[in-house]
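Keeping their order, the protein sequence lines are chains U and A.
All the letters of the first sequence, read from the start, carry residue numbers 1 to 112 under the working numbering.
All the letters of the second sequence, read from the start, carry residue numbers 1 to 111 under the working numbering.
In case anyone wonders, no lab produced these hints; they're calculated from the structure.
Be careful, since some hints might not be right.
Claimed, not checked - With a cut-off of at most 20 angstroms between alpha-carbon atoms, the simulated EDC-like pairs for lysine to aspartate or glutamate come out as follows:
| hint | chain 1 | residue 1 | chain 2 | residue 2 |
| --- | --- | --- | --- | --- |
| 1 | A | Lys-98 | U | Glu-17 |
| 2 | A | Lys-42 | U | Glu-30 |
| 3 | A | Lys-2 | U | Asp-59 |
| 4 | A | Lys-42 | U | Asp-51 |
| 5 | A | Lys-42 | U | Glu-62 |
| 6 | U | Lys-3 | A | Asp-66 |
| 7 | U | Lys-70 | U | Glu-30 |
| 8 | A | Lys-2 | U | Asp-105 |
| 9 | A | Lys-98 | U | Asp-28 |
| 10 | A | Lys-98 | U | Asp-38 |
| 11 | U | Lys-70 | U | Asp-38 |
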Amino acid sequence: DVKVTQSSRYLVKRTGEKVFLECVQDMDHENMFWYRQDPGLGLRLIYFSYDVKMKEKGDIPEGYSVSREKKERFSLILESASTNQTSMYLCASSGLVDQPQHFGDGTRLSIL
Amino acid sequence: QKEVEQDPGPLSVPEGAIVSLNCTYSNSAFQYFMWYRQYSRKGPELLMYTYSSGNKEDGRFTAQVDKSSKYISLFIRDSQPSDSATYLCAPLIQGAQKLVFGQGTRLTINP
């Protein structure tokens with residue numbers, strides 16, 4: 001079974017802080033994704049990566065950056081956290097093309 | 001118009017009922033169709049994965065795709081309280097990596 005592990009289930013940070021969310025997958029998947037999920041807005045893609053050191057912007061990249069130094073690890077960075085970034089953050093991975101995505105259990109991030 | 005439309009519900013049915021969950025989509029390039037189940041405070045879990053038109057059955061679950069009308073369905077037979085969750089449809093263009101998610105339908109099965 002594919003396992004996608006997110007480092008924290010719950011996280012509380014203050015406005016202006018730099019926040020790191022970590023994600024690790026164990027299936028040697030090429031693609032990795034970061035989403036945020038908000039009530040009434042569904043899942044929105046922030047960034048995805050199709051290879052080590054490669055990334056593409058999703059639908060809502062503003063205020064975020066990502067890092068993929070190793071194939072199994074994909075990090076989401078909030079450069080200067082703001083209250084409107086309070087959300088559920090979900091990481092996913094998938095094989096090369098035409099493959100379903102497999103999700104971690106999410107990080108519920110609160111920015112105070 | 002959104003690429004994928006899904007009634008958010010909520011949908012509440014008695015235990016044992018047949019449940020029908022539906023999505024419509026606008027992009028005829030979609031070739032793969034996924035259904036995810038998401039329990040409260042958990043990540044989405046892949047439930048069904050189908051290619052092109054037709055039916056696929058897995059236990060109590062049947063996924064149906066009608067590409068001519070751009071309509072996808074998930075049927076749950078003999079529904080159980082443990083089926084209570086949010087169900088998301090997610091089509092995929094062949095050769096692409098990004099899924100397009102519906103908003104999700106919140107389903108409650110009452111004992």
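Handout entry: Restraint status (C-alpha distance of Lys-42 of chain A to Asp-51 of chain U at most 20 angstroms)
Key = At roughly 26 angstroms apart (the allowed maximum being 20 angstroms), Asp-51 of chain U and Lys-42 of chain A break the hint.
Practice task
Quickly compare the C-alpha distance for Lys-42 of chain A and Glu-30 of chain U to 20 angstroms and report which way the hint goes.
Solution key: Between Lys-42 of chain A and Glu-30 of chain U the Cα gap is close to 23 angstroms, so the pair fails against 20 angstroms, i.e. violated.
Problem - Given hint Asp-66 of chain A paired with Lys-3 of chain U - CA-CA distance at most 20 angstroms - result: violated, 32 angstroms
Exercise for the section: Below or equal to 20 angstroms on CA atoms is what counts here, so check Lys-98 of chain A against Asp-38 of chain U. Expected result: holds, 19 angstroms
Practice task
Verify the proposed pairing of Lys-2 of chain A with Asp-105 of chain U, using a straight-line Cα cut of 20 angstroms.
Solution key: Answer violated: Lys-2 of chain A to Asp-105 of chain U is near 26 angstroms, above 20 angstroms.
Problem - 20 angstroms Cα cutoff - pair Lys-98 of chain A, Glu-17 of chain U - result: Distance of about 30 angstroms is beyond 20 angstroms: violated.
Handout entry: Given hint Asp-38 of chain U paired with Lys-70 of chain U - CA-CA distance at most 20 angstroms
Key = violated, 29 angstroms
Handout entry: Given hint Glu-62 of chain U paired with Lys-42 of chain A - CA-CA distance at most 20 angstroms
Key = It is violated: about 25 angstroms lies between the C-alpha atoms, which goes past 20 angstroms.
Handout entry: 20 angstroms limit on alpha-carbon distance, applied to hinted pair Lys-98 of chain A and Asp-28 of chain U
Key = Holds - the C-alpha atoms of Asp-28 of chain U and Lys-98 of chain A are around 18 angstroms apart, at most 20 angstroms.
Problem - Given pair status - Asp-59 of chain U, Lys-2 of chain A, alpha carbons within 20 angstroms - result: The given pair, whose Cα atoms are some 14 angstroms apart, holds under the 20 angstroms limit.
Handout entry: 20 angstroms limit on alpha-carbon distance, applied to hinted pair Lys-70 of chain U and Glu-30 of chain U
Key = holds, 11 angstroms
In summary, the numbered hints that this structure violates are 1, 2, 4, 5, 6, 8 and 11.
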